[in-house]
Amino acid sequence: MKRYSILLVLIITTFFIPLCVARTVLTGERLWNMQRLVAESSCDETIHQTDLSVGVMTISSAGVYCLAEDIVGKITIASDHVVLNLNDKQLSNTSDDAVVVDAVSNVGITNGSIGPSSGSGINIMPGSSQVFVSRVDV
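In terms of our numbering, the sequence shown opens at residue 1023 and continues consecutively.
Treat each hint with caution, since some may be false.
[Said to hold, decoys possible] What follows is a list of derived Cβ distance ranges for each label pair:
(1) Asp1118 - Glu1091: 18 to 26 Å
(2) Ser1064 - Ser1140: 32 to 40 Å
(3) Ser1117 - Met1147: 12 to 20 Å
(4) Gln1152 - Thr1116: 14 to 22 Å
(5) Ala1100 - Thr1068: 27 to 35 Å
(6) Gly1137 - Ala1100: 30 to 38 Å
(7) Gly1141 - Lys1111: 14 to 22 Å
(8) Ala1100 - Ser1156: 18 to 26 Å
(9) Gly1149 - Asp1110: 15 to 23 Å
(10) Asp1118 - Ser1082: 12 to 20 Å
(11) Ser1064 - Ser1156: 29 to 37 Å
(12) Met1147 - Gly1085: 15 to 23 Å
Keep in mind the hints are simulated off the structure, nothing from the lab.
Ideal Cβ positions, reconstructed from N, Cα and C, are used throughout, including at glycine.
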């Protein structure tokens, strides 16, 4: 019995544990997979204040985006399968919305704070679907 237990542990540690790595969101994945991805992955791209051209940044490809610092400006999400991890930072915009979800699906905004904002804070445009906001103070 002990020989089989040791063999099973060896098989599990050799073949299955190396397969448990983070990855980007794939087209067609379910929303709950994205939520798990936020908790387990590193960022595909880190957003700095200098990345915002004239105070605006548009995310146009799928992936996990994380704030590196508190940001003043607007982030528009214009692609499906995007997670915006605020990374315990604040995104604010005193002249407009801080985040715009622009008619896309499978979008997550998580882990930080939005505001102050003169607009909606988070503006989910018509045509957007499967948008989740988790652990965000607005």
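Hints, verified against the model:
For the hinted restraint 18 to 26 Å between Asp1118 and Glu1091, the CB-CB distance of approximately 20 Å keeps it satisfied. Hint check: Ser1064 to Ser1140, Cβ distance near 33 Å, so the stated range 32 to 40 Å holds. Here the CB-CB span from Ser1117 to Met1147 is close to 18 Å, well matched to the stated 12 to 20 Å. Separated by about 30 Å at the C-beta atoms, Gln1152 and Thr1116 break the suggested range of 14 to 22 Å.
At about 19 Å, the beta-carbon gap between Ala1100 and Thr1068 misses the expected band of 27 to 35 Å. Range check, Gly1137 to Ala1100: about 22 Å between beta-carbon atoms, so the 30 to 38 Å window is missed. At roughly 19 Å, the beta-carbon separation of Gly1141 and Lys1111 lies within the given 14 to 22 Å, and the hint holds. Taking the beta carbon of each, Ala1100 and Ser1156 are about 21 Å apart, inside 18 to 26 Å as hinted.
Checked against the hint of 15 to 23 Å, the pair Gly1149 and Asp1110 fails, with Cβ atoms roughly 30 Å apart. Between Asp1118 and Ser1082 the C-beta distance comes to about 19 Å, which sits within the given range of 12 to 20 Å. Range check, Ser1064 to Ser1156: Cβ separation about 18 Å, and the 29 to 37 Å hint is violated. Judged by the Cβ atoms, the range 15 to 23 Å given for Met1147 and Gly1085 holds: they are separated by roughly 20 Å.
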